[in-house]
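**Student:** Sequence:
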Amino acid sequence: MSMERSAGDPAGRAPPWTGGCRCGAVRLEATAAPVMAVACHCKGCRRMTGGAYSLSLMLPEAGFRLTAGETVRAGLGAALEGGLALGSGENPDLAAALDHRACPVCKSWMFTRIAMLPDMVNLRAAMLDRDAWVTPFVETCRAEAQPGIVTGARHAFDGFPDAAAWPGLMIAYAREGARP
Numbered sequence: 778m779s780m781e782r783s784a785g786d787p788a789g790r791a792p793p794w795t796g797g798c799r800c801g802a803v804r805l806e807a808t809a810a811p812v813m814a815v816a817c818h819c820k821g822c823r824r825m826t827g828g829a830y831s832l833s834l835m836l837p838e839a840g841f842r843l844t845a846g847e848t849v850r851a852g853l854g855a856a857l858e859g860g861l862a863l864g865s866g867e868n869p870d871l872a873a874a875l876d877h878r879a880c881p882v883c884k885s886w887m888f889t890r891i892a893m894l895p896d897m898v899n900l901r902a903a904m905l906d907r908d909a910w911v912t913p914f915v916e917t918c919r920a921e922a923q924p925g926i927v928t929g930a931r932h933a934f935d936g937f938p939d940a941a942a943w944p945g946l947m948i949a950y951a952r953e954g955a956r957p
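Position 91 of the sequence shown, counting from 1, maps to 868 under this note's numbering, and the rest follow consecutively.
Among the hints, erroneous ones may be present.
What the hints assert, rightly or not - Derived DEER-like restraints, expressed as beta-carbon distance ranges:
| id | residue 1 | residue 2 | range |
| --- | --- | --- | --- |
| 1 | Ala-941 | Ala-839 | 21 to 29 Å |
| 2 | Pro-938 | Ser-865 | 37 to 45 Å |
| 3 | Gln-923 | Ala-802 | 27 to 35 Å |
| 4 | Arg-799 | Gly-864 | 41 to 49 Å |
| 5 | Lys-820 | Met-893 | 15 to 23 Å |
| 6 | Val-882 | Asp-935 | 16 to 24 Å |
| 7 | Gly-866 | Gly-840 | 17 to 25 Å |
| 8 | Arg-907 | Arg-824 | 34 to 42 Å |
| 9 | Thr-912 | Cys-883 | 34 to 42 Å |
| 10 | Gly-859 | Gly-945 | 17 to 25 Å |
| 11 | Ser-865 | Ile-948 | 38 to 46 Å |
| 12 | Gly-925 | Cys-800 | 15 to 23 Å |
| 13 | Gly-828 | Ala-873 | 35 to 43 Å |
Honestly, the hints are just simulated from the structure, not real lab data.
C-beta atoms are modelled at their ideal positions from N, C-alpha and C, and glycine is treated no differently.
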């Protein structure tokens, strides 16, 4: 990964980056710079990661591709497709709108496509071969966070930001977000 800034990427996040699942059966490449780094504290993300939050990079879909292997649907969307009833309190419309993708071998949750954001993919930052530079810029679902969890994100929301807030957050991230 180059640490140099190019004229086409003045923020210094010049791709491409490579990555993959834990077992290596699925490999990926990101050729577009992220537009946001988000830590989500919702119970669903915490359950899928097994951690305190999910750290994702929002990437343009056109700048993301699998280079080896295929993924399978994961999360509640996979449960719905399998004909399982969702637990109480789970929203079937939201579950259907979130296309979580995982390695079919090691079951690593790799990325998510969200129906409301058809041109974006949310890549789990840990899937990158080199992810030490990734820090959250925005926290979502802070109201669901486990006590004492601090991410250092510059912007925090109890739920999800209004759609109108995202363009300004993306501009701020392009200017101030973490660089590799």
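**Student:** Determine for every hint whether it applies to the structure shown.
**Tutor:** Hints versus structure:
1. Ala-941 - Ala-839: 21 to 29 Å: holds (24 Å)
2. Pro-938 - Ser-865: 37 to 45 Å: violated (27 Å)
3. Gln-923 - Ala-802: 27 to 35 Å: holds (31 Å)
4. Arg-799 - Gly-864: 41 to 49 Å: violated (27 Å)
5. Lys-820 - Met-893: 15 to 23 Å: holds (20 Å)
6. Val-882 - Asp-935: 16 to 24 Å: violated (37 Å)
7. Gly-866 - Gly-840: 17 to 25 Å: With a Cβ separation near 35 Å, Gly-866 and Gly-840 fall outside 17 to 25 Å, so the hint is violated.
8. Arg-907 - Arg-824: 34 to 42 Å: violated (27 Å)
9. Thr-912 - Cys-883: 34 to 42 Å: Violated, at about 26 Å.
10. Gly-859 - Gly-945: 17 to 25 Å: violated (39 Å)
11. Ser-865 - Ile-948: 38 to 46 Å: holds (40 Å)
12. Gly-925 - Cys-800: 15 to 23 Å: Since Gly-925 and Cys-800 have Cβ atoms about 32 Å apart, the given range 15 to 23 Å is violated.
13. Gly-828 - Ala-873: 35 to 43 Å: Check failed, 25 Å falls outside 35 to 43 Å.
Of the numbered hints given earlier, the model fails hints 2, 4, 6, 7, 8, 9, 10, 12, 13; all others are met.
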